[in-house]
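Each chain, written out:
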Amino acid sequence: MEKTLKNVENVIIRFAGDSGDGMQLTGGRFTETTAIVGNDLSTLPDYPAEIRAPAGSLAGVSAFQIHFSSKDIHTPGDKVDVLVAMNPAALKVHLVELEHSGMLICNTASFTKKNLTYAGYESNPLENGALEDYYNVFAIDMSKIVTEACSDMELPSKTVERTKNLFALGLLFWIFDRSTETTKDWLRKKFAKRPELIEANVRALDAGYNYGETTEIFTTRFMVEKADLPPGTYRNIIGNYAVSLGLVAAAEKSNLPLFYGGYPITPASEILHTLSSLKHHNVKTFQAEDEIAGMASIIGAAFAGNLAVTASSGPGISLKSEALGLAVMAELPMVIVNVQRGGPSTGLPTKTEQSDLFQALYGRNGEAPIPVIASATPGDCFYTAYEACRIAIKYMTPVIVLTDGYLANGSEPWPIPSMDELETIEVKFADTSSLVDGQFMPYLRDKKTLARPWAVPGTTGLEHRIGGLEKEDVTGNVSHDPENHHQMTLTREQKLNNIVNEIPPTDIYGSPSGELLILSWGGTKGSCRTAVEDLQAEGRSVSHIHLRWLNPLPKDLGEILIRYKHILIPEINMGQLSKIIRAEYLVDAQGLNLVKGKPISKGRIIKKVNEMLES
Amino acid sequence: MADVKKVEKKKYSRMDFTSDQSVRWCPGCGDYAILAQTQKVFPELGIDRENIVFISGIGCSSRFPYYMNTYGFHTIHGRAAAIASGVKIANPELSVWVVTGDGDGLSIGGNHTIHLLRRNININVMLFNNRIYGLTKGQYSPTSEVGKITKSTPFGSLDRPFNPLTLAMGAQATFVARSIDRDTKHMQAMIERSHKHKGTSFLEIYQNCLIFNDGAFASMTNKESKADNVIRLEHGQPMLFGKENKKGIKFNDNIPEIIEIGDKYSIDDVLIHNEQDYVIASMLANFTYLDIFPDPVGVLYAIDVPSYDEHVVQQIDEAIGHHGTGSIKELLNSGNTWIVE
Ligand code: SF4
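Residue numbers (my numbering), protein chains in the order written: chain A, 57 to 671; chain B, 609 to 949.
Be aware that one or more of the hints could be misleading.
As the list claims (entries may be wrong) - Listed next, the in silico EDC-like pairs over lysine to aspartate or glutamate satisfying Cα-Cα at most 20 Å (straight line):
#, chain 1, residue 1, chain 2, residue 2
1, A, 309, B, 938
2, A, 335, B, 883
3, A, 62, A, 197
4, B, 937, A, 479
5, A, 148, A, 197
6, A, 335, B, 925
7, B, 855, B, 842
8, B, 872, B, 852
9, A, 148, A, 88
10, B, 937, A, 477
11, B, 851, B, 868
12, A, 621, A, 594
13, A, 335, B, 842
14, A, 652, A, 65
15, B, 804, B, 868
16, A, 127, A, 65
17, A, 282, B, 949
18, A, 169, A, 217
19, A, 663, A, 571
20, A, 484, B, 658
21, A, 62, A, 217
22, A, 335, B, 701
23, B, 937, A, 476
24, A, 246, A, 88
25, B, 858, B, 836
26, A, 127, B, 949
27, B, 851, B, 822
28, A, 127, A, 188
29, B, 804, B, 918
30, B, 618, B, 753
31, A, 335, B, 918
32, A, 309, A, 479
33, A, 200, A, 217
As the list claims (entries may be wrong) - Non-contacting residues of chain A with respect to chain B, defined by C-beta distances greater than 10 Å in every case (computed):
#, residue
34, 179
35, 194
36, 292
37, 519
Hints were generated in silico from the structure; no laboratory data involved. Every value quoted in this text rests on a predicted model; they were computed, and no experiment measured them. Every residue gets a Cβ at the ideal spot worked out from N, C-alpha and C, and that includes glycine.
Could you build all of it, start to finish, from the sequences and the hints given here?
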């Protein structure tokens, strides 16, 4: 039968199944191939906090969404075009987000009475006609087909059954006209020691692909052309990996050994995993006994002259707060990455949120200013981590990098930077040339930056003592003098404010004045930019500014804000940046605050903009 | 014959380790004696001064780094062990010393202490145990005896105390020792042994807090009573104590008992101390709160196993040997890449 090939610009697919169904793997493989095809893409994994929630339960549904396009895109998308539901629970949870007339692909083998009841279905929706009117349903017994494909292999039936995700993947590769080769190479590497598993998985993958090709139920394939991306060498990159690379790049550029001290926590652990595998880059990783020790160890490592970093998430950052204060007082360079997750308390460990901005800015006792930079996209995590290291060393200060669960696990095609493009990181360790009358002055500051000298143990003649007690300016001796304390407080504040000189003029997307400005920070950049693109296409007077530095804020921000009639700040929190902007600039910033553990959709932003413009 | 070049070690005196800061402990505090012995013995250790780092937490004892003319870091409550771990792993060439107290190291920082000990990072811990909170003005500590009347326990404390030595043994420490502030020569020897030990050395020092817990260790320092209340351990030597060393420790069916050397028992019946014997060390550590037994001082336990920091260096060397020195350029370009023209 003739199959037609249709060109489309944009596709959003969601793979959903039980935690044990390998949905993250399936999505990851589809992403890799899609990246190589040259589409622009954005992904959003969504997995449960439990490692193995009861099989077939709603709580145990794991999903992976990929948005790919021949155009430049910024988000994993809202409504999905294709939903792969490997069991009834996955269907139940995700059907609401499938477009009308969207493609629904299900594995009928798991639509058993038990699984249906577990998911809350009274009868089988694949059989009772409930879905056909609205969606393009493809009910396939994937388990049976893979079992047949491997029937001569004498593998345990469970093992064979487990390859059904590769069947689904193969089928989608066929539907979207992409090759299975990259996945096969990957399988060969992954199961190098288990050739029977390579064989079974390859067969399942081929079975899926051929199913599309030979059966009559699929009549149309879709083509998504290469995106018109700027020239360069690309790779697909995940946020947490990008952070790790940014840190290693900064270590190489500054010629400092990298020391990572931390404690495992979702969703930041991958940074520890990645760095611990990079020992040949002279990276030392220390899995501490708790979050406090992780933070404490990097203070020690910074004192000893390493590029010291840690990563955690909200609950862990809470535990680190006291030591962060010490880092401020000791004025030592280090980087703290907070991969934000849903809070408060244990909250939603695997979901995204932007609710730790206040914590980053103010979550310490005393006046303890810390520079804060936030990543905007998975690939941007590389640059923010790198820049944080540069600023930390230049200004002798801890720097907080805010990413979030969505950025950490999401991915996008990423033009690989060349090391020459990156700004140099100059390290000046103090030596005896800085002695004043034969005395070392640990708090004698650089006039321009106000950074104090970095004098590392092992340097002859610079033996000195520092600590968490307030210090006398210049000498660093313990001081309880009120005037001195006031002066030191102002100095620490001024040092932070000097970083403003590192921030380039604010980039405005759209007209430099007008009806409405959307101001964003962190992972909401993509949704905001997409919404603004759509609104501008409709002729609306809407501009967009994305903040990279949250502390200090850019010099020119105040004068820009007053040029717009309305200011909208969409955030996955209760309005933290809104409050800061209102307080700092006395402007009537409005919030769009949705705290649902997922990125704010472009649709919601557009709706809010329309409401504001009509009122 | 080839030229043998001698590397001249720097020569130091006690003054070289004395900082310009005036010491601020209460007059008569046991901390003075510990500081003095440390400053006295450090010139003998053969470490270049710039390679020495003292790290402390919070408490009276934690002022210590300010008075040593070395690198020093007076940090936050309980975290000295964790900060010192970072220092030592970042630069294993340094000689790293943690000065802590019973509150700092066993209460708020207890977790870091036990994990430092189990990891066996080459760090020297000096825990000043005065069985009280001094800096916060006299609350009971995790080593205070049950029933202690203090500001926070007007009716007597209810908690059972930690025994720092059994805690260290339980945490797999590779070096466990004890000394007393008044016992100057002994303390010097213990500091030297701590330094020589590879891995974490745990030295508990009984320290008198004149203001809030005076006399806590009087029975061990008074002329009349100390011989009966303290047993000084020496590797390979019989465990003797008492006036004229007439008492000894003997195993009776694996249960320790005190014997009198004389008609019934000779010195040959007395247990010989063996620093490498975990059972003996544990037994000795447990004497601490048992009234009938003397408190042991000296090295209870010392075994030679590789330190954590050695392993860190080794793993990095092996990884470089295996993959070559990593280049970020290669790392950035690893995995599946494609070119957009
Ligand atoms: S309070 Fe006690 S421990 Fe503290 S300095 Fe005074 S005597 Fe020493």
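Q. Given the hinted pair residue 652(A) and residue 65(A), is their alpha-carbon gap at most 20 Å?
A. Outside the cut-off at roughly 29 Å; violated.
Q) Taken at face value, is the distance from the CA of residue 65(A) to the CA of residue 127(A) at most 20 Å? A) holds (7 Å)
Q.
Holds or violated: residue 804(B) and residue 868(B), Cα atoms, limit 20 Å.
A. Outside the cut-off at roughly 35 Å; violated.
Q: Measuring Cβ to Cβ, find out whether residue 179(A) lies farther than 10 Å from everything in chain B.
A: holds (44 Å)
Q: With a cut-off of 20 Å on the C-alpha distance, tell me whether residue 663(A) and residue 571(A) pass.
A: Distance of about 15 Å is within 20 Å: holds.
Q | Restraint status (C-alpha distance of residue 804(B) to residue 918(B) at most 20 Å) | A | holds (15 Å)
Q) Under the criterion that the straight-line Cα-Cα distance not exceed 20 Å, is the pair residue 309(A), residue 479(A) satisfied? A) holds (9 Å)
Q: Could you grab the alpha-carbon distance between residue 282(A) and residue 949(B) and see if it respects the 20 Å cut-off?
A: Distance of about 11 Å is within 20 Å: holds.
**Q.** Agreement of residue 858(B) and residue 836(B) with the hint, judged by alpha carbon distance not exceeding 20 Å
**A.** This hinted pair holds, its Cα atoms lying about 16 Å apart.
Q.
Given the hinted pair residue 618(B) and residue 753(B), is their Cα-Cα distance within 20 Å?
A. violated (45 Å)
Q | Given pair status - residue 476(A), residue 937(B), alpha carbons within 20 Å | A | Roughly 10 Å separates the two Cα atoms, so the pair holds.
Q.
residue 335(A) and residue 701(B) were given as a pair; does the straight-line alpha-carbon distance stay at or below 20 Å?
A. OK: residue 335(A) and residue 701(B) at ~19 Å, within 20 Å.
Checked against the numbered hints given earlier, this structure breaks hints 2, 3, 9, 13, 14, 15, 21, 27, 28, 30, 36, 37; the rest are met.
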